[in-house]
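Dock chain B against chain A, hints included.
Protein chains: 2
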Amino acid sequence: MVVPRLIERKRAGEALTSGEWRALVAGYTAGEVPDYQVSALLMAVMFRGLDPSELGALTQAMLDSGDRLSRPSGGPSRIDKHSTGGVGDKTSLILAPLLAACGVRVPMMSGRGLGHTGGTLDKLEAIPGFMTRMPLIDAARQLDAIGVVMFGQTDEIVPADRKLYALRDVTGTVESIPLITASIMSKKLAEQLDGLVLDVKVGSGAFMPKLDDARTLARTMVDVGTQAGCRTVALLTAMDRPLGRTAGNAIEVVESIAALRGEAAGDLMEVTLALGAEMLMLAGKAVNRAEAVARLKATIRSGAALDKLREVVRWQGGDVAVIDDPSRLPAAPIVRKIRAGHNGRMPPLPPRALGEMVVAMGGGRRTAADEVDPAVGLEILPRVGQSVQGGEVVAVVHARTAADADVAETSLLRALDAAWQRHEQPLPLLLERITSEHSEPYGELQWDR
Amino acid sequence: MVVPRLIERKRAGEALTSGEWRALVAGYTAGEVPDYQVSALLMAVMFRGLDPSELGALTQAMLDSGDRLSRPSGGPSRIDKHSTGGVGDKTSLILAPLLAACGVRVPMMSGRGLGHTGGTLDKLEAIPGFMTRMPLIDAARQLDAIGVVMFGQTDEIVPADRKLYALRDVTGTVESIPLITASIMSKKLAEQLDGLVLDVKVGSGAFMPKLDDARTLARTMVDVGTQAGCRTVALLTAMDRPLGRTAGNAIEVVESIAALRGEAAGDLMEVTLALGAEMLMLAGKAVNRAEAVARLKATIRSGAALDKLREVVRWQGGDVAVIDDPSRLPAAPIVRKIRAGHNGRMPPLPPRALGEMVVAMGGGRRTAADEVDPAVGLEILPRVGQSVQGGEVVAVVHARTAADADVAETSLLRALDAAWQRHEQPLPLLLERITSEHSEPYGELQWDR
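One line per chain: the protein sequences are A and B, in this order. Those letters in the first sequence? Residues 20 to 468, per the numbering used here, in order. Those letters in the second sequence? Residues 20 to 468, per the numbering used here, in order.
If we strip away everything but chain A, and leave its shape as in the complex, we get (with noise of 0.2 Å):
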């Protein structure tokens, strides 16, 4: 392997054969093949793009480059759901219990927050005592002895990503397709799925803003994974307002038990049920939307998804109280009321500002090193369209302290009447079911009945 005409090889629009792919990442991966002859190459792709089997090629020699989540033969289906990232996006913390309290195996292999949006380990770490750190070999014993697993990628799996995507971060890479897609689906293969539910978000506080985009990414993955032998299944989702009522760490987790006992709706129930349909439809648990919307609710109704979300926290060393007492997790001092000015419809808020107001109070990442501050976040209590009178609590802040809480509130009290002037439509929430055969509008979910 001669690197320099492999870069000029995909540098003139050819494609390269698997095992240069396969060599490149092994070479990279051990040190032999140098950053500066990586960066121009993916450099390159950001031209040229992959062409499918080059995708596959690269998911695949990134996928070998560590171990998988080892799976006995036979047993329940294996499904898991990853999200493009958003704002007030919890889902995960609601399906992995939801799913395995429905017999499904749900290996929930999660990342951190960075930037406007949250992640799930931030969230699940909020419970005093969660650990997501473990060891491949305790995350699968876990998930054979209660069906989920709520963990943080390892160094043992796909060691090729880390190193590459340190590398993209830094060189002006990271906003291509496939090499998103090679990053995104090496991980999930690794957790050796039978089935994978993508949830590609869409607007602007989506990692892909555009409709046009977000459906060529979610057509990507699905592809490289059902060639990769999982079956994978996409929706577009909206983006272009927070999911549910909370951005944060610990009023997530809140937000995520009242789902857990049915006491949650709107936005949150209406995505977190569809992607769990998809689930269970995977994991051949139901045969069509309507019967899996009803075995999730009735799942949830029955106790059992919440004595599911009980056991992950144990088996995690998180403190199990916090499930019936959410009072004993980590509180801010500053709780502010923030009223509406005016009479008006509920706009939806950009979710953008809203994740940085977060950050900015310290409940995020500017970069990988900060510390994250659980108990600090916002709620935004009306639904989007909802109507709205003059001097009603539209929102809470949750600071660390009252200076935090000043800018936070000004900021919102700016950024709902910027909504306001701009009189946008939001987006449909559930936009487009994506599967490897064809792509069509969502549809009814009809969850409410």
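Read the hints as simulated data drawn from the structure, not as lab findings. Possibly wrong hints are sitting among the right ones.
Same chains, same label: a pair holds when it works inside one copy or across any pair of copies.
Said to hold, decoys possible - For lysine to any residue, the following SDA-like pairs were computed, each having C-alpha atoms within a straight-line distance of at most 25 Å:
hint : residue 1 : residue 2
1    : Lys-229   : Arg-28
2    : Lys-304   : Glu-456
3    : Lys-182   : Gly-46
4    : Lys-304   : Val-426
5    : Lys-182   : Arg-131
6    : Lys-316   : Tyr-461
7    : Lys-356   : Ser-406
8    : Lys-229   : Glu-33
9    : Lys-229   : Arg-24
10   : Lys-182   : Glu-51
11   : Lys-229   : Glu-27
12   : Lys-182   : Gly-336
13   : Lys-182   : Pro-53
Just chain B now, kept in the frame of chain A:
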């Protein structure tokens, strides 16, 4: 300066500012900006190019990374010639003393051969004792004293280029017209010239084989030179066959000495006089081509040009006796005459193949670390288009071993047969003349009258 943001902007097709290019080059030269960021940026430049002001800024920033050849105020015009490289291209060896003998200051800073093309320094070093490494201050002193110096790029000159070129070589980012231009022109501008004549080769043995690409390169270099205050003219000349009768090192010195004696003819003299005429006109020592050519020929005829070469060899530590007795140059033990298999007209022989035969015999470099054997090489006796009889000696191989000569003989006869069968029309030797104002067909040189 946040380098990833600059890379992203270049990737998106934006122009970076002069200050940004300056900071990038300074940071890279100082080791503060890492290779992996620069290689990604260079790859983005491969796709997006550089606009004229970016290219000017990059060239200037590279120039500013090192020292310049000092220059007294006033005094005779300082003019150099640069070739993009070819096989048998020995015009530098002839032009440097010839123009100096005409009263022009010629600071001929040259490179070594790599791949199929030869290098002026390697040829000069075939003269026993001749030294091409010297500090800039010594080069300036010799230039003042005798009007000409023929030396290699030192560490003092454009260190940014050495570092960038080494990186480009291993990251598939060599063939970019703006990057090539900045590399060549930053070094030439460090000579503090009044004028520069560029010999841009066209044809299968050239770095840019296609006429359009060569023309774009020439136009780009002329514009950068002119913008930087150095009057620059480019000639596009043919490299679809070797230039002159010899390819090697010592044997090219022999041919160059013959040319300075007035004993050479054909393509070599035509290109040499065309380039020399441009140099003389830039120096203000001739008002038109006919006058310039006449002056160059008179200077050869008078012996002044050959005397100037003697002076150069003496100043640079070489054996001056070789000039009157070329048998003192290194000679190969095997001298094999190659005879034509049948009658025909001499076709243009492919320079790349011939250059590679010389490399295979040890007369060139595959990698920069290879040693060069000055004695080996090829002579091609008939001029293109000349009629050849079967059995007539058409070439002479100078080799280290009979086995090497066998290989070269076979390759040469095969190349000759293939060329005969292709019935290719040779390119006109002098194709175009490109100045800052316009491009024009070269027209007639009329040097033989």
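### Task
Since the copies are identical, ignore which copy is meant and state whether Lys-229 and Glu-33 lie within 25 Å (CA to CA) inside a copy, between copies, both or neither.
between (28 Å within a copy, 21 Å between copies)
Under a CA distance limit of 25 Å, which applies to Lys-316 and Tyr-461: within one copy, between copies, both, or neither? This pair counts as within: shortest intra-copy Cα distance 20 Å, inter-copy 85 Å.
* **Alpha-carbon proximity context of Lys-304 and Glu-456, limit 25 Å** => within (21 Å within a copy, 77 Å between copies)
(request) Evaluate Lys-356 and Ser-406 at a C-alpha cut-off of 25 Å and name the case that applies: within, between, both or neither. (result) Within one copy only: 18 Å inside, 99 Å across.
Could you figure out if Lys-229 and Arg-24 sit no more than 25 Å apart (CA to CA) within one copy, between two copies, both or neither? between (35 Å within a copy, 21 Å between copies)
Homo-oligomer pair classification [Arg-131, Lys-182; C-alpha up to 25 Å]:
within (17 Å within a copy, 38 Å between copies)
Is it within, between, both or neither when you check Lys-182 against Gly-46 at 25 Å Cα-Cα? both (12 Å within a copy, 24 Å between copies)
task: Go through the copies and call it for Lys-182 and Pro-53: within, between, both or neither, with a Cα cutoff of 25 Å.
output: This pair counts as both: shortest intra-copy Cα distance 11 Å, inter-copy 16 Å.
Should Lys-182 paired with Glu-51 be assigned to within, between, both, or neither, using CA atoms and 25 Å as the limit?
-> both (13 Å within a copy, 21 Å between copies)
ask   = How would you classify Lys-304 and Val-426 at a CA-CA limit of 25 Å: within, between, both, or neither?
value = neither (48 Å within a copy, 73 Å between copies)
Exercise for the section: Classify it for me, Lys-229 with Arg-28: is the Cα-Cα distance of at most 25 Å met within a copy, between copies, both or neither? Expected result: Answer is between; shortest inter-copy Cα gap is 19 Å, intra-copy 31 Å.
Original post:
How would you label the pair Lys-182, Gly-336 (within, between, both, or neither) given a Cα cut-off of 25 Å?
Top reply: neither (30 Å within a copy, 53 Å between copies)
Checked against the numbered hints given earlier, this structure breaks hints 4, 12; the rest are met.
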